[in-house]
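First to last, the protein sequences are chains A and B.
The letter at position 157 of the first sequence is residue 157 when you use the working numbering, and the numbering goes up by one with no holes.
Just remember that the working numbering sits 1000 ahead of the position in the second sequence, which is counted from 1.
Since the hints were made in silico from the structure, they are not lab data.
As the structure is a computational prediction, the values presented were derived from the model and not from experiment.
For every residue, glycine included, the Cβ atom is placed at its ideal position computed from N, Cα and C.
You may find that some hints are simply not true.
So, partial list: chain B residues that the calculated Cβ filter (under 8 Å) puts toward chain A [claimed, not checked]: (1) K1072; (2) D1083; (3) L1084; (4) P1087; (5) G1135; (6) A1137; (7) N1152; (8) L1164; (9) W1196; (10) Q1197; (11) Q1216.
DMTMM-like cross-link-like pairs, simulated, lysine to aspartate or glutamate; straight-line CA separation at most 25 Å [stated by the list, open to error]: (12) K1177(B) - E1233(B); (13) K1072(B) - D90(A); (14) K1072(B) - E54(A); (15) K49(A) - D26(A); (16) K178(A) - E94(A); (17) K178(A) - E54(A); (18) K1072(B) - E91(A); (19) K1177(B) - D1041(B); (20) K1040(B) - E1030(B); (21) K1072(B) - D112(A); (22) K1072(B) - D45(A); (23) K93(A) - D45(A); (24) K93(A) - D1083(B); (25) K1072(B) - E94(A); (26) K178(A) - D1083(B); (27) K93(A) - D26(A); (28) K1072(B) - D1086(B); (29) K178(A) - D1206(B); (30) K1105(B) - D1041(B); (31) K93(A) - E54(A); (32) K178(A) - D1086(B).
To give an idea of the chain B side of the interface with chain A (calculated C-beta under 10 Å), a few residues [as the list claims (entries may be wrong)]: (33) R1013; (34) L1075; (35) I1096; (36) V1097; (37) Y1101; (38) G1102; (39) Q1106; (40) A1193.
Residues per chain are reported as follows:
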Amino acid sequence: MNRTQRIIFYILVLIAGATWIFLSADTGASTASLPAPQTGFLAPDFTLKTATGEGYTLSALQGQAVLVNIWATWCPPCRSEMPAIQAMYDEYKEQGLIVLAVNSTVQDNPLDIAPFTQEYGLTFPILLDETGDVSRAYQVRSLPSSYFINRQGIITEVVIGGPMSEALLRTRIEETLK
Amino acid sequence: MLETFQNFFAPPRHMILLVIAAWLGLTLAERRAENHGISKDDLNNITFYGLIAFVIGGRISYVLQNLSAFSKSPLGILSINPDLFDPLGALAAACIVALVYGQRKQLTLWNTLDALTPFLAVFAIGSGLSHLAAGTAFGQPTELPWGIEMWNATRHPTQMYETLASLLTLGLILLFKPHQRPGFLFLIFTAQASFWQLVIHAFRADSTMIVNGLRQEQILAWVVLAFSFICLELIDPRPPMKKLIDSKYKGPG
C-alpha cells in the first residue's frame, strides 16, 4: 500500500468511526430504572427486621443516603471494619446517613449477633437476613459487601471485601451524601 | 459455565486475572524484546518500576484528591483496600517513571514501546476477562441469542467482545515481522485497541454520556485512533536494518 492509499484508508476508517459514534448515540436507555446490585442501578429493595422486631424497608429511606453493609459475625474483615462504620455513622448521621447492617443470618449463628453488637457498641440497625433473600438479591459472593446508595436510591459505589478504612468510608459517604 | 467463572473469580479475586495477564504478557514481551533492540533486563526493569509507580502513584493521587478525608484518618493512606486508588493518577505515575528510567538507560522511546506492546496486548485480554468476572463494563439489554444474564437483564456480552477483540489484536501483532519501523507495532496496537473500543462502547450500558447521547469513551477512542494514524505516517519510514547500513556507509564523517 503506498502513502496515498494509506491516507485514503485512514480517512475512510475515521469517517466510518465518526458515523458509528453518531449512529450509536444513546437514545436514553438508562440503567438507573432497573434494580441491580451494581453501580448506577437502582438498589434492590428489601424489608428486614431487627432482632427486636423493628422493620426497615430500603425504598422507604429514599431521600437519605444509605450504606448497606452485608456481614457475618465469623467474618474477620467484617469485624475489623465495624468500628470504622460506627465512627462514620456517628459523624454523618446528622447529615442524613443511614447504615443498614444486614447480618447474613442464613450463614451465621443468631446467638452470636447480640454479643457482637454489644462488643462493638453498634448503634445502627442490625437487620437479620434469615432467608438469605437479600444476599441473593445483592448477589453477594464475598463478605463483607457494602453498597453506598444515594438519596435517589441509586447505588453509587460497591465495595466487595474489606476491611474498609475510615478514609475509604469517608470519601464514599461524602460522595453519596451530595 | 459463565456462572462458575464468575463465582470463581468474584471480586476481589478478579484481580488475579489481571496479575496472570501481566505475568503472561511480560513473559511474551521478554521473548520478543531483543527484536526491538531492548534487553530482557531493561524490559523487566522498566515494567517492574512502572508497576511499582502504578501502585504507589494510584494511592498518592487518590490521597491528594481526598486530602480532607485522609487528614482525619491518616493511617488510611496505608490501608490495603484496593478501592483507595486513582487509575489515571496511577497511569501517569507509571508513564513518568518509565520515561525517566528509559532516559537514564538511553532507551529509544519507540523501540521501548514496541517491546512493551505484547505485554499491553495480553493485559488487555486479562482486562476483558476481569470485567467479565466482576460484572463491570457490562452491555446494554439485548434479545440477541448470545446475550448473557447479568444485572437482572439479558445483555450484550461486551466483556466477551472486549476479550475477543483483544485476542484478535494480539494475534495480528504477533503476525507482524519484528523488524518493522520503530513505533510501528505499538501504533498498530493503539490503533486497533482504540478502534475496538470505539465499536464496543456502542453496546455498553455504563458509558459516560455527553451532549446528545454521544459517548465520551467513543470520542476519546476516535481521537486516539486518529493520533495513531498520524503517528504511523510520521514515524521514521526506514526499518532499523536500513538505518544501520546507511550509517555504516556514511561513515563517521
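List of violated hint numbers, smallest to largest | 4, 6, 8, 9, 10, 11, 14, 15, 17, 21, 22, 27, 35, 36, 37, 38, 39 and 40
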